[in-house]
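Using the supplied hints, reconstruct the complex from the two chains, each of which is provided in its own coordinate frame.
These protein sequences, in sequence, are chains A and B. According to the numbering used here, the first sequence is numbered sequentially starting from 1378. According to the numbering used here, the second sequence is numbered sequentially starting from 2.
Hints were generated in silico from the structure; no laboratory data involved. Just so you know, not all the hints are guaranteed correct.
Partial list, computed: chain B residues near chain A (C-beta under 8 Å) [said to hold, decoys possible]:
hint, residue
1, A17
2, D26
3, A28
4, D29
5, Q64
Backbone N, C-alpha and C define an ideal beta-carbon position, used for all residues, glycine too.
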Amino acid sequence: MDTKFTEQESLAVISEMIDRARNNVQKGAGTFMIFWGATVAAIALLNVALVCILWGMSVSANYSFHVWWLMLPAWAVSFILKHKTDRTAIVKTHIDKVISSVWKAFGISNAIFLLMVFGLSYSLQEYKHFFYLINPIIILLTGISEFITANMCRFRPFLHGAIAMWAGSLACALMIILFGNGNGVLAQFIIVAACMIIGFVIPGYKLNKLAKENHV
Amino acid sequence: MFKDLDPLLHSQLRLAVMSLLLSVDEADFVFLKEQTGATSGNLSVQIDKLNEAGYIKVQKTFQGKMPRTVCKITAKGVNAFDKYVKNLKSYIK
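Same shape as in the complex, but just chain B (with noise of 0.2 Å):
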């Protein structure tokens, strides 16, 4: 029924990600979690498979002694995500 949307977005957990970042400049795996209440295992798996698409760009650091993880959206995930929201109308009309 979706063949023209994205298989990468149109996916509950992943398009929530991509719709904050796209609000925000950049964002923390903890406010991520915190916005989208999924747990840290899921959370991680879905920014990796974001990250591996080139839809977002993963920074880990270190914050003392506590790693950080701060991800921000890609021009090719802005493109991505514009094209599913077209496609997305499309249905919808």
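Bound conformation, chain A alone (with noise of 0.2 Å):
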């Protein structure tokens, strides 16, 4: 292949490697996508199951709650199977690194608002109203990032999910005005399952699908 080659051809070689870089998608890329979605989904809907379970034995519910603890063994497999993802990757593009910091900056965003949201309740002794936003804030940040995810790679079942989540928060806080307290809250967690496996499973399997394919 290293014969001497013409000018148009030259520029054919150039225009031809960069879109192949270009429209790269690696095996595998959308597992995380799913990995969050449906853990994320299938918390939020064990936390609805148990706050039935405690409201049918006159306990309070707040103890169901304790259920998000989970996300921290969750977040350690995450953590351990990127690692190994980037350690396999036979490439890393300059959009991966972007996409990379997007989420970082999702994360430490969401710990910087929770340590907001129990620091001032736990000051004030006002917990009710502050716990409301915990889930329309959360799923308005992913929004934020999917929508900037999907513009980067360019990929629209990102962008649908981008607005599910958006949607999905303003649904949430409206279902504390519709339903309260108690009936409101359960349904800010059945819409934040929806909202993960709309936003994140199906987009994830759908660029799977893709990368699956671009491989054969």
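This is the structure in structure tokens:
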């Protein structure tokens, strides 16, 4: 292949190679989205189930929120998966780097937001109103990150996912207005689960399918 | 005819490798082989030439027991590529 060639052929090589690198989708690229979508949806639905069980037992439903500690082992699994994927990835694009930074920023923003909510509610001894915001704000931040991801990799299902997240964020706030504390919070968790399936699991599955087709 | 064009870049495989590396942050030897369709031996020789010229940085590591070669374009490589494309444009005009 190391032959001399004309200027037109030279341009064709540059154009073709840039195009190939740009259109490259890594195998299993959507696996993280499926993992996080399924995990958060499962925890949210588990929370709903626990609230119903605790109500049936006439016990405070607040204990059910401890189910979210399961996010910590999920983070650990995700960290190990990411480390493995990075080590075996045969290419890392500039877009991969930007998207990775966006989701890191999302994680940091969530951590700061939760710290503020728990800090303020503890110091002001006012829990309800701050806690109502947790689900809508986290889904809102997810929508922002997914919107940027959609535009960076020009993958339409992510855009649909971002729209679902933003709509879900509004719906979560609306549930409290419509149904109040008890049923409103339950409805919020059902919306979170739906958003994660529509916004993460489905686009992740479609991305994996596309990657598989690209590598056949 | 192409005396202004960098002879190191004006070769189909080396130019293909440089174009790919310009579009990504870093790439494995396997990726470069897949995308260029070159043989391992030929690709290895051309990568060595680009590395010796300082156009790319080659990092050889081990993934388990398997050797792994990761390539990344350098600032010198980006400048050389930019100059090459500018010279190429003057021929086409």
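How the hints compare with the structure:
{"no.": "1", "hint": "A17", "result": "5 Å, holds"}
{"no.": "2", "hint": "D26", "result": "5 Å, holds"}
{"no.": "3", "hint": "A28", "result": "4 Å, holds"}
{"no.": "4", "hint": "D29", "result": "4 Å, holds"}
{"no.": "5", "hint": "Q64", "result": "6 Å, holds"}
The structure shown violates none of the earlier numbered hints.
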